[in-house]
Amino acid sequence: MCHYMMTLAELSENQADALPSLCADLHMDWFHLPVQDSCAPEEPFEQAFAREKKSLLALVRSGGTLVIHCHGGSGRTGMMAAVLMLESGYQPAQVKKQVQLIRPKSLTSPVQVNYLCKRYGYQ
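Under the UniProt record's numbering, think of the first position of the sequence shown as 1, with each following residue one higher.
Heads up, some of the hints might be wrong.
[As the list claims (entries may be wrong)] Listed next, with one range per pair, are the computed distances between beta-carbon atoms: (1) S21 / A93: 36 to 42 Å; (2) E52 / A16: 16 to 22 Å; (3) D25 / P92: 37 to 43 Å; (4) K105 / E42: 18 to 24 Å; (5) G64 / A93: 22 to 28 Å; (6) T65 / T108: 22 to 28 Å; (7) K118 / A18: 32 to 38 Å; (8) E52 / E13: 20 to 26 Å.
Derived by calculation from the structure, the hints in this document are not laboratory data.
Heads up, the beta-carbon is just placed ideally off N, CA and C, and yes, glycines get one too.
Could you put the whole structure together from the sequences, leaning on the hints where they help?
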């Protein structure tokens with residue numbers, strides 16, 4: 001299962017626009033949840049997440065493998081990992097500790113942390 005945080009324009013700019021078809025060739029599900037780099041999620045993300053949330057959370061709860069990535073692998077990636085953990089019932093302090101254990105530079109962007117605070121009571 002692939003889960004990508006880059007916008008379609010970023011995929012193209014980074015010569016990664018073949019990823020959706022590559023995932024399909026490998027029999028992997030592809031979820032595209034776009035967020036602009038160094039930004040908080042906006043309407044395109046909210047719409048995509050509302051559409052895919054049930055499937056993503058089922059995968060998390062079942063212990064399945066999930067790949068989350070953005071351009072640098074920290075900002076949007078860590079934020080999405082936090083979203084999935086918070087949606088799954090993890091406590092905010094536990095989320096921050098777990099995510100930063102794996103990706104120390106994650107959950108440091110003020111706009112992304114503010115999004116998590118407003119949406120999930122993250123601290």
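Inset, instruction - Could you see if the CB distance from E52 to E13 stays within 20 to 26 Å? - result: The hint (20 to 26 Å, Cβ to Cβ) holds, given that E52 and E13 are roughly 24 Å apart.
Legend entry - Cβ distance range 36 to 42 Å for S21 and A93, holds or violated: 40 Å, holds
Inset, instruction - Look at the Cβ atoms of K118 and A18 and judge whether their distance stays inside 32 to 38 Å. - result: 35 Å, holds
Legend entry - Assessment of proposed distance window 37 to 43 Å (beta carbons of D25, P92): 38 Å, holds
Legend entry - Distance restraint hint 18 to 24 Å, applied to the beta-carbon atoms of K105 and E42: For K105 and E42 the Cβ distance comes to about 22 Å; the hint holds.
Inset, instruction - Go ahead and decide if the range 22 to 28 Å is satisfied by the Cβ distance of G64 to A93. - result: Holds, at about 25 Å.
Legend entry - Range hint 22 to 28 Å (beta carbons of T65 and T108) holds or violated: 26 Å, holds
Legend entry - CB-CB spacing for A16 and E52 relative to the 16 to 22 Å hint: 19 Å, holds
Hint violations for this structure: none, all hints satisfied.
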